[in-house]
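Modelling step: build the complete structure from the supplied sequences, incorporating the hints.
These are the residues of each chain, in order.
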Amino acid sequence: MPLEPGTRVRVKTMTPPGHIRTPFYLRGKTGAVERVLGPFANPEELAYGQDGRALPLYRVRFRMADVWADATTPTDTIDAEIYAHWLEPA
Amino acid sequence: MADPHDGTEQGSARPFAPASSDPSRRWHDMGGTLAGPVPGDEHDFALWEKRVDALVILSGLKGVFTVDGLRRVLEDMGEEAFETMTYYERWVAALNQNHLEQGTYTVAELGAKMEEVRARGETYADAADAS
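Protein chains in written order, with the UniProt record's numbering: chain A, 1 to 90; chain B, 1 to 131.
These are computed hints drawn from the structure, not numbers from a lab.
Source: prediction; values computed, not measured.
There's no promise every hint is true.
Said to hold, decoys possible - Now the stretches of chain B that chain A is said to cover, found in silico as 3 or more residues with beta-carbon under 8 Å: (1) 27–39; (2) 64–76.
What the hints assert, rightly or not - Here are the simulated SDA-like cross-link-like pairs (lysine to any residue), alpha carbons at most 25 Å apart as the crow flies: (3) K62/B x L55/A; (4) K12/A x R25/B; (5) K12/A x Y48/A; (6) K62/B x R21/A; (7) K50/B x R118/B; (8) K29/A x W27/B; (9) K12/A x A41/A; (10) K29/A x G31/B; (11) K29/A x E75/B; (12) K62/B x P43/A; (13) K29/A x G32/B; (14) K12/A x R26/B; (15) K29/A x P23/B; (16) K29/A x I78/A; (17) K29/A x T15/A; (18) K62/B x G49/A; (19) K29/A x R63/A; (20) K62/B x N42/A; (21) K12/A x G32/B; (22) K12/A x D29/B; (23) K29/A x S24/B; (24) K50/B x G63/B; (25) K29/A x D22/B; (26) K29/A x M30/B; (27) K12/A x P23/B; (28) K12/A x M64/A; (29) K113/B x L61/B; (30) K62/B x P39/A; (31) K12/A x S21/B; (32) K50/B x G60/B; (33) K29/A x L34/B; (34) K62/B x A54/A; (35) K12/A x S24/B; (36) K62/B x H19/A; (37) K29/A x T33/B; (38) K62/B x F40/A.
Every residue gets a Cβ at the ideal spot worked out from N, C-alpha and C, and that includes glycine.
Have a look at this one:
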């Protein structure tokens, strides 16, 4: 079952080599699921000519202050689209 | 065709801040770093650049590879390629790499075709005269 909107999640801090769609600047950061975008083929497998297993893709919303400690607009938010296997419970 | 290295074409080397000194951050993963102003200059695409673009789209429609495969090769080409090759020079290299991997043609077939095309001449006009 995909995570419900509002669920707090942390982006994994792993740094494997290879094609990755999870931006480095969000790794280890905590946000909340804004919506479920649906299952999509995993680009990390598509990139190497495989079929790509379908995974839930989430739009995750982060507070600027939770991404950049010196954010000048700390309560603004930034959304990023992140696949399920990069998220862990926060 | 304009000199692809004269600094006016899209994708040519422009100064940018290093993404990070963290060795686990790959060179292309620049999101969230300061980048300066966005260049607003327009660019006329050469015929060969339009053809490369069309080939990438067609390859996707034919199921040979996806944008993910294109990006993977562009990233693996490294920062030096980003700084020394134009946008579509990098695209055609990534297009070719994916076709070789998927077996569309072999390295030897590619080599023979390149020789055949080279023999037509340096320009589109020369090639038209030769045919």
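Provide an ascending list of the numbers of those earlier hints which the structure does not satisfy.
-> Violated: none.
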